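Can you make the complete structure from the sequences, with help from the hints?
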Amino acid sequence: MSTTLAIALREWASFFRTPVGWVVTALLCALGSTVVSWTIIVPGVAASLRSFFDTAQWLLLPVVPAISMKLLSDEHRSGTIDLVLASPTSLVSVIAGKYLGGVLTLLTMLAPTLVYIAVRWPIAEPSPDAGPLLSGYLALVLLGSVYLAVGLAASAATSSHTLAFIITLFVLLGW
1 MSTTLAIALR EWASFFRTPV GWVVTALLCA LGSTVVSWTI IVPGVAASLR SFFDTAQWLL
61 LPVVPAISMK LLSDEHRSGT IDLVLASPTS LVSVIAGKYL GGVLTLLTML APTLVYIAVR
121 WPIAEPSPDA GPLLSGYLAL VLLGSVYLAV GLAASAATSS HTLAFIITLF VLLGW
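Take the sequence shown: its position 7, counting from 1, is numbered 7 in my numbering, and each next residue is one higher.
If you are wondering where the hints come from, they were derived from the structure by calculation, not from laboratory data.
Pairwise CB distance ranges (calculated): (1) Ile117 <-> Leu9: 23 to 29 angstroms; (2) Leu83 <-> Pro122: 49 to 55 angstroms; (3) Ile166 <-> Pro128: 35 to 41 angstroms; (4) Ser14 <-> Trp38: 32 to 38 angstroms; (5) Thr80 <-> Thr34: 37 to 43 angstroms; (6) Val119 <-> Leu5: 32 to 38 angstroms; (7) Leu142 <-> Phe170: 20 to 26 angstroms; (8) Phe170 <-> Leu134: 28 to 34 angstroms; (9) Ser14 <-> Val92: 16 to 22 angstroms; (10) Ser90 <-> Asp129: 39 to 45 angstroms.
The structure presented is a predicted model; accordingly, all values stated were derived computationally and were not measured. Using N, Cα and C, we set each Cβ at its ideal position, and we do this for glycine too.
What follows is the structure in structure tokens.
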């Protein structure tokens with residue numbers, strides 16, 4: 001379990017060591033904020049995050065392949081896959097660690113969107129119900145986790161980041 005967690009934390013940290021991680025996070029937040037400002041902060045309209053959750057499932061389509069494209073393809077490309085597989089960790093620990101690292105990255109990218117709740121709370125006339133908010137975020141995390149599983153499989157199939165991104169994107173669009 002500790003090796004799986006170590007691999008997951010290494011993957012999570014490596015995503016945010018490059019500008020790509022920060023750019024993708026900023027893009028997700030900017031697009032989500034645009035949707036929130038156009039649909040929620042409107043006088044006379046109920047302040048609901050439903051439009052954000054409806055749009056966020058589409059926003060995750062390009063974001064999650066960007067997270068998953070390098071999980072295993074980077075190991076293939078750099079030639080370190082043999083070292084990883086020859087290490088004293090099991091293959092299941094490596095794959096679970098890579099997947100968990102992707103999920104942690106997704107959670108980190110969704111964390112700034114919790115600001116939308118803080119913005120919504122003071123402007124909502126009836127007190128907001130926590131159930132739809134929690135279930136909406138849970139649905140986003142679960143959907144993102146499914147997308148990550150597809151991306152991890154595509155990343156394992158090729159040594160090219162770009163090809164892993166394209167395969168994941170087209171599989172998800174076809175699905």
